[in-house]
Amino acid sequence: TLRSLPARRKILGSGAAVGVERMMSGVAGLRRSTPKKEIVPEVNNKVEKDGDDNTNKTDDNNDDGITSTTNDDGVTDDRDAADNNDKNESHKKNWSDRIFGSSKKEYPYSLNPVPASMNFASFRAKGGSRFEEYADGSSPYEISEYTISQSDEQARSRRVHVKAAMEFAWGGYTKYAFGADEVTPWSHRGKERWGNTGCTLVDSLDTLWLMDMKDEFWKARDWVRDHLQHDQAGLVSTFETTIRSLGGLLSAYDWSGDTAFLEKAKELGDRLLGAFPEGEDLPKAQVNLRNGSNKGSSWFHSELTAEVGTIQIENRYLSKMSKDSKYATKTEKVYELLNNVMPSNGLYPYGISERGGKIEFTNSKLTFGAMSDSFYEYMLKIWIQGGQTEPMYRDMYDKAIQGMHDVLLQTSTPSGLSYIADSNSNRMDHKMDHLVCFMGGLLALGAYTDPQGLESSRAQRDLK
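Here the sequence shown is numbered in my numbering, starting from 1 and rising by one per residue.
Hints should not be assumed to be uniformly reliable.
Derived PhoX-like pairs: lysine-lysine, alpha-carbon spacing no greater than 25 Å straight-line [claimed, not checked]:
1. Lys295 - Lys365
2. Lys163 - Lys175
3. Lys295 - Lys214
4. Lys365 - Lys320
These are calculated hints, taken from the structure and not from any lab test. In this text the structure is predicted, and so the values were computed from the model without any measurement.
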């Protein structure tokens, strides 16, 4: 839900990507502000093959990848494993106590690597009611450098399986629908739902590069260069086409430097500007890429904050790479108008319209879920993209997050879990959209880049 932030790291800025990669590289909460050092005690915590034909076998009763030793007869030798674990735990505890002291308990959950042979076809989710000790946002455990190194090793072992999932998905798309907007998994056919713009292919380019699937990437590049056309597409979503197609082309250019992507991005960017009616500063929900006409949403009576406020990162980057300011100038104006009508709590109703060059709200619902979500996301990321030199965007973000704490943040009963509710006409709607789950990552990114510093009360509040 961070919109492929690691994959599109250069578009956002390397500092943001590095921060998120550190947060995503291990178990939640392990990073905090501890500096990264390669301090690993001289102990082998893995089950190794040493003469006997031992294999790693996953214990389904434990967390990810807990292993036990199996001999030639297929019998698990739990005694040896238990003895080794006791020695390792004792060594780790003594090592950790010497460095950090023993005021907190050691991290108790498995951080063993996931075997490359792990068969996820039989995987069963463990369900909720776990890690309840983190409910208040703080950790009861002492996180040592050794624990962090284990977490990193576990994260690296998981990458094998993440890539395997991508290879499987891309293989199906390539076999049955290469160049189509979508692949239908049951009928094994291509389907054109996004104007015949190769949406799946273009939106996957940066992931192919990031996962080192270079052969697949260059084959997709050839299709973009030789077959991708936007002048045949009819009415498309301005927002979806910007984040998927324009963003995909720009990310591919940023990674590879291949100008075929930039040329297609400029052509698409020119056509997307048709979403702005003559003399108006808010884009319409739909634009016809063939003839440049535009129209509002087919299901909502006005524009949405998430749609008009989630096209700036891509257009700003296109302006930078093409050396043509028109894309940034046109889309940045949206934020200037919205900033001028910012509510006192920083939270925007999601329905908006433009009348005589001024923004009017068309409803009163406040949410970090559907119709608003990525508007708040882009406040922060535009500021990061610009080198943290444009205070308007950070101010809008900070005020919105303060409003979230003051108005929408709730605690469940009896579990005491935090959730971000909605408000409609000043009445609380005690639900949390699935889309709001991106807020954990956004709050962490905002805290790590807070102008007041990571140790400030505001940053620590948001980390918690």
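Hints and how they fare:
1. With a CA separation close to 23 Å, the supplied pair Lys295 and Lys365 stays within the 25 Å bound.
2. Taken as a hint, the Lys163 and Lys175 pair is honoured in the structure, with Cα atoms around 18 Å apart against an allowance of 25 Å.
3. Taken as a hint, the Lys295 and Lys214 pair is broken in the structure, with Cα atoms around 39 Å apart against an allowance of 25 Å.
4. A C-alpha spacing of about 36 Å is found between Lys365 and Lys320, which places the hinted pair above 25 Å, so the restraint is violated.
Violated hints, listed in ascending order, are 3 and 4; each of the other numbered hints is respected by the structure.
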